[in-house]
Amino acid sequence: MSIWTLIRRNLGRNRTRTLLTTLAVAFSIFLVCAVMTLPSVKTSILERTASSLRLVVHHKYGIAYDNLPLAYAQRIRAVPHVTGVTHLTWFGGIYTEAKDFFPNYAVDSETVGDVLREYQFDPVTLDKFKKTRDGALVGVRTMRKFGWQIGDEVTLRNSVWFNITLTFKIIGELPDVNPLSSTLFLFSRQYFEEALRPYEHLGSMGWVSMLMVMVDKPENLQTVSTAVDEQFRNSAHPTTTETQYAFTATYLSSFDGIIQVIMLVGFLVVAAIILIAANTAAMSVRERVGEVAVLKTIGFRRRTIFSLLLNEALLIAGLGGLLGAIPAYVILNAGKSSWSPFLGPLTLFLMPVSVMIQGLFIALFVGILAGVIPSRGAAKLNVAAALRQIA
Amino acid sequence: MITVNQVSRIYRRGADEVHALEGVNLQIPDGIFAALMGPSGSGKSTLLNLIAGLDQPSAGNIMVNGQNLSGLSEDRLAVWRAAHVGFVFQFYNLIPVLTAAENVELPLLLTRLSKADRRKHVETALSIVGLTERKNHRPNQLSGGEQQRVAIARAIVIDPELLVADEPTGDLDAKNADDILTLLQRLKNEFHKTIVMVTHDSRAERYVDQTFYLDKGVLVNGEYKTLEL
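Chains as they are written, first to last, in the numbering used here: chain A, 139 to 529; chain B, 16 to 244.
Derived by calculation from the structure, the hints in this document are not laboratory data. Heads up, some of the hints might be wrong.
[To be verified] Simulated pairs of lysine to any residue, SDA-like, Cα-Cα distance not exceeding 25 Å:
hint, chain 1, residue 1, chain 2, residue 2
1, A, 266, A, 249
2, B, 150, A, 143
3, B, 130, A, 150
4, B, 130, A, 441
5, B, 135, B, 95
6, A, 283, A, 230
7, B, 150, A, 375
8, B, 135, B, 174
9, A, 198, A, 371
10, A, 518, A, 145
11, A, 518, B, 32
12, A, 518, B, 74
13, A, 198, A, 375
14, A, 518, B, 34
15, B, 150, A, 147
16, A, 518, B, 150
17, A, 518, B, 97
18, B, 150, A, 426
19, A, 269, A, 330
Only chain A is shown next, with the shape it has when bound in the complex (with noise of 0.2 Å):
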């Protein structure tokens, strides 16, 4: 017999209560890791979509607060070290209803395949896209979630623009090489501009959300950036052109807030684990009061009593850490699979490694700061006292 076969005998002795305090340990260890993956979930998009050589301009006072002229197309092409200019506009259609959103926008099929290379436009497709005028290329995601098929006609309308609906055949899918392009919904501004036609009164032509340039070389970003919001500085629709990288950081950021918020919440949470675990450890030691005696009597030292009852909690919190920790990461790394095209936004959730160690570790404190305190009363009991209170 060691003093490790008390410690997990001691943990037999009520077994309920052992199991419910472990299964409490791991619930909350599991949300912590789903909370603490939020981060890396915006570190995963920023890199997954990140273009080195290649620049987003939009209005000064962000994409959301009004358009840019179509003309701004030419002029940027014409500004040196620039190699390639494309531009995508909202359209914000819907296909059955609202909550089934997917990003779809209007481009120019002419140029959007130099520019957005990364998403790997199959040569054929492209080229049948430029010739297909109520062409559509989707997304793989989005075509899994609809049960789309190549050749099927889809109809998206939409309350952005003047309430106008369009019918697209879709002729391609666009690959899964990160996670906004699996989703995208792409059509021709041609196509788009027919529509508008009807509202030409109203000044609706003419417009993009945002363009796209692509430059020479990476130190010439800055430059390209400066002389682009420089031309445009004192127009009726200035300019602000930022790397892929921070345009899209720019946006995850707004989504700061809440993912604090949500952290804040998950480690309350553990904090009312801890509670939990600590009553549970107390009373665990409060029943045995007269067996600390007897052992203090024996001649276990406070130390000795101190490790065994906190060693008891520690093995509670992490069995309950390993329980949550290790699904925890197989879960939240399900999008890695081939299960991810069904699972929508989930597949942004990659759990890294380094998060289900630190799960691990926090799980750890829960045990020390749960067991400290009955443990240190435990080693310090009186003997002759407590062997009164027994006797």
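Since the structure of chain A is provided, determine the placement of chain B on it from the hints.
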């Protein structure tokens, strides 16, 4: 030799003071089976705890086999107890999640003995108390008398010079009580243990060599019977 020299013990309860012992003097030679007797609240258990190194006197000093217990730190007392004292309690106080053998082995976890040596010591102790065949039973599978014998085995497994017993027969029927007292007497006679026992049991006087009577914290009388050699 146990020497108690002008020992007092005062407990403070808020503003009140309880004089559990006052100016107690006694000596218990080696190899003697001594009983501490008296009415409830007379200070018997308090004196026993002081002799066993579980508590410190408020005044006076206690020497056990040349070791002055007074003024030792709690950790030093624990180390001393682990090597020199075995305890037997009224309600056995066995660990319910351990078997009889594992309960007996507990004090040996504080030694440097190997697992094999510990096992030998446990088997020896259990054979002395006559419970070898029950070594794998848990306390709830043993009778009261058997549990107390396991407790005695736990007390003697480290081969201490001193055994202290606080009402060891208090929770037993007459037959089991006699068996336990007989066992304690055997430990004194065959293994030369010094035994100090707190008891209300009048039968105990037949088994002990020395009886000390306490009343209201004061030693009233200490009778020493002539040893029958």
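Quiz item: For which of the previously enumerated hints does the structure constitute a violation, in increasing order of number?
Solution: 7 and 16
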